[in-house]
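Top line first, the protein sequences correspond to chains Y and U.
Per the numbering used here, residue 933 is the first one in the first sequence, and the count goes up by one each step.
Per the numbering used here, residue 4 is the first one in the second sequence, and the count goes up by one each step.
Calculated from the structure, these hints are not laboratory results.
From a predicted model like this one, the values you see are computed outputs, not experimental measurements.
Honestly, I wouldn't trust all of these hints.
[Stated by the list, open to error] Straight-line Cα separation of at most 27 Å, DSS-like style, residue types lysine-lysine; simulated pairs:
{"no.": "1", "chain 1": "U", "residue 1": "K10", "chain 2": "Y", "residue 2": "K1001"}
{"no.": "2", "chain 1": "U", "residue 1": "K76", "chain 2": "U", "residue 2": "K25"}
{"no.": "3", "chain 1": "U", "residue 1": "K10", "chain 2": "Y", "residue 2": "K1016"}
{"no.": "4", "chain 1": "U", "residue 1": "K10", "chain 2": "Y", "residue 2": "K1172"}
{"no.": "5", "chain 1": "Y", "residue 1": "K1001", "chain 2": "U", "residue 2": "K28"}
{"no.": "6", "chain 1": "Y", "residue 1": "K1244", "chain 2": "Y", "residue 2": "K1148"}
{"no.": "7", "chain 1": "U", "residue 1": "K10", "chain 2": "U", "residue 2": "K28"}
{"no.": "8", "chain 1": "Y", "residue 1": "K1244", "chain 2": "Y", "residue 2": "K1362"}
{"no.": "9", "chain 1": "Y", "residue 1": "K1359", "chain 2": "Y", "residue 2": "K1244"}
[Unchecked claim] Cβ-Cβ distance ranges computed for the label pairs, FRET-style:
{"no.": "10", "chain 1": "Y", "residue 1": "T951", "chain 2": "U", "residue 2": "K76", "range": "42 to 50 Å"}
{"no.": "11", "chain 1": "Y", "residue 1": "K1172", "chain 2": "U", "residue 2": "R81", "range": "44 to 52 Å"}
{"no.": "12", "chain 1": "Y", "residue 1": "R1292", "chain 2": "U", "residue 2": "F21", "range": "52 to 60 Å"}
{"no.": "13", "chain 1": "U", "residue 1": "K25", "chain 2": "Y", "residue 2": "F1419", "range": "33 to 41 Å"}
{"no.": "14", "chain 1": "U", "residue 1": "M4", "chain 2": "Y", "residue 2": "G1145", "range": "35 to 43 Å"}
{"no.": "15", "chain 1": "U", "residue 1": "K76", "chain 2": "Y", "residue 2": "F1419", "range": "23 to 31 Å"}
{"no.": "16", "chain 1": "Y", "residue 1": "K1172", "chain 2": "U", "residue 2": "N77", "range": "52 to 60 Å"}
{"no.": "17", "chain 1": "U", "residue 1": "G53", "chain 2": "Y", "residue 2": "S999", "range": "31 to 39 Å"}
{"no.": "18", "chain 1": "U", "residue 1": "E16", "chain 2": "Y", "residue 2": "P1262", "range": "44 to 52 Å"}
{"no.": "19", "chain 1": "U", "residue 1": "E16", "chain 2": "Y", "residue 2": "T1212", "range": "42 to 50 Å"}
{"no.": "20", "chain 1": "Y", "residue 1": "D1020", "chain 2": "U", "residue 2": "N42", "range": "32 to 40 Å"}
{"no.": "21", "chain 1": "U", "residue 1": "L82", "chain 2": "Y", "residue 2": "S999", "range": "23 to 31 Å"}
{"no.": "22", "chain 1": "U", "residue 1": "K76", "chain 2": "Y", "residue 2": "P1415", "range": "18 to 26 Å"}
[Unchecked claim] Per the computed footprint, the stretches of chain U lying under chain Y, defined by three or more beta-carbons under 8 Å from a beta-carbon of chain Y, are:
{"no.": "23", "segment": "6–12"}
{"no.": "24", "segment": "23–37"}
{"no.": "25", "segment": "51–63"}
{"no.": "26", "segment": "66–77"}
Quick reminder that beta carbons are idealized off the backbone N, C-alpha and C, glycines included.
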Amino acid sequence: MRSTENANTSSAALPSAKTGNTDIAIIGAGPAGLAAARALSQQNLRITIIDEQPRAGGQILRQPPSSFKVSNWLPSSSYERFRKLVSDVEQTPNIDWRLQHSAVAMFTDPYNADRKTIWLENAGNLTELKADTVILAQGCYERPFAFPGWTTPGVMGAGAIQTLFKSQQILAGSNLLFAGTHPLQLIVADQLLQAGANIKAVLFAQPLSRALGILKTPMAFMRQWRNLTQIASIIMRLRKQDVPVLFSHSIVSAEAGNGRVASAQYAPLTQSGEPDNSKTQNVDVDCVGLCFGFLSSTELARQAGAACHWDKNNGGWIVSTNSYGETSIPNLYAVGELTGQSGGNAAIDKGILCAQSILRHRDLVGSEGETRSLRAAKDWRIFARALNKMTAPPPRFLDTAATKNTLLCRCECISHGDFIDEIERSKNLKTMDSAKLLTRVGMGACQGRQCYINAARIVSEIVGAPISDLGPFAAQAPIKPVPLGAFQQIRPAADQACPHAPDQ
Amino acid sequence: MAERVTKNVVRSESFSIFFDGKELKAFEGETIAAALLTNNIFTLRDGIDGQPRGLFCNMGVCYECQVHVVLGKNEPPRLVRSCLEPVQRNMQVFSQPDDSATDR
Chain Y
933 MRSTENANTS SAALPSAKTG NTDIAIIGAG PAGLAAARAL SQQNLRITII DEQPRAGGQI
993 LRQPPSSFKV SNWLPSSSYE RFRKLVSDVE QTPNIDWRLQ HSAVAMFTDP YNADRKTIWL
1053 ENAGNLTELK ADTVILAQGC YERPFAFPGW TTPGVMGAGA IQTLFKSQQI LAGSNLLFAG
1113 THPLQLIVAD QLLQAGANIK AVLFAQPLSR ALGILKTPMA FMRQWRNLTQ IASIIMRLRK
1173 QDVPVLFSHS IVSAEAGNGR VASAQYAPLT QSGEPDNSKT QNVDVDCVGL CFGFLSSTEL
1233 ARQAGAACHW DKNNGGWIVS TNSYGETSIP NLYAVGELTG QSGGNAAIDK GILCAQSILR
1293 HRDLVGSEGE TRSLRAAKDW RIFARALNKM TAPPPRFLDT AATKNTLLCR CECISHGDFI
1353 DEIERSKNLK TMDSAKLLTR VGMGACQGRQ CYINAARIVS EIVGAPISDL GPFAAQAPIK
1413 PVPLGAFQQI RPAADQACPH APDQ
Chain U
4 MAERVTKNVV RSESFSIFFD GKELKAFEGE TIAAALLTNN IFTLRDGIDG QPRGLFCNMG
64 VCYECQVHVV LGKNEPPRLV RSCLEPVQRN MQVFSQPDDS ATDR
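Generate coordinates for the entire structure from the input sequences, incorporating the hints supplied.
Here it is, written out as structure tokens:
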């Protein structure tokens, strides 16, 4: 196991937990988790922060490796609040960091209703951490968009291109095409353009009128003035460099050459959302970025039994909570994108509110700002709702993007055609789990993350049941693959895990 | 071509890693996936359909970037997500399982 940074804090500096290993386990070191940690750290509580990445920040603030010196990193003012948050928490002395760890299962302790047991995996080893209170903050991932050639190496999420740039300081390609519905792809295209890459086009599947729909909600518009002007100046910058930004357009196919993507075709979409194949453009590319919105990573919440509900353009299956992030399970909280796609700023406010609730339950006084956070979270939610509507794929578009030979399930290599045929023969299916058992779709390493949403849409249409009735693929422990050998010995979590050196 | 940004970035030490036996340059702190990209390696493995696969999500959820790594001399190969796993000096990375190493 690669050890994380050297000890900068001695074990004597960490408060000890009342019972078990830790008072509060925060799973996910993105803005929501870190905001909760910052608000809780002022009390004498043992706080454990768990994340798969080697550094805190989540995806929005995915930091370069500690060994890199990057000056002028993320200079845009829109990152300022996040940078301060990460810096604050990294410099907080009383935190138990478990970075490069995946939280793969969570169980309620049968002998203690207020105790949670979490299985953590690192380098093929499992450890068991016991926490009184757990905050889930695992965020979201990019919605998979299936089209001919989508598994070609070099075709990846726009977010992947962005984190390669942001964190690893790498340009994923020199000739890039972006296609999607979400404005994030404009930000990524702009960042790469300014770093010297050639952007062939940025394509939006929805019509311009839908994209401008955000302006119809004046409240959202007024509060999000800064975000909107940022997007406007990006579009102007792209246009100035002759980068086409096209609406009602989408990528139609991508082809490989020499082991990576070499060309792609795009076309305008007709009114009904289908590509007009008579007007296809061909471009030479070495990288394609897809940006169709996000899905919430609620697998662990669901495996633990927390109530969730289906919200189509808001993250898919999301955790049901109140404004304070309280779930259906006592002492289990869910914050940030797990509770709906609301963006990084809302995540911070949700983290703050969650901390308030935890402190109240422990008869501790929180810091001020609760009312402000309640109001802010509500405002961000209004903007997010408008944004989600604006970035929803147009009707019929998803139905025509994939051909029958296009893979639906990347892991098990099941095509759309084969899946549809199978479901057509079993119209009495009642659940997505049945569809999975029948076809193998969702049985691979990604556990359905890259296929569920496309499969569910197909099943829903064929059997005539809403997705909310069909349910998700049941999340079973472990919610990420763990090598069998790890189960030979599940070690109790050491009291002092790999400490994190804050400033490098 | 994928390339490293050098403006405003100072990397630490560089060393060799090996992908399917081929010696490549990598920098301390890079993920295996990033190091391979800058060495023009986009295909990380084959899917069970026999088609080449590479990096997709770069955040540990898609499992497309899985590679086998061997660290020490007598270590068994470990399947890792190359988008999360940092490079180490002389690390042996394989696109397919090296069967000789798993016969224990």
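(message) Hint by hint, where does the structure go against what was stated? Just the numbers, ascending.
(response) Checked against the structure, no hint fails, so every one of them is satisfied.
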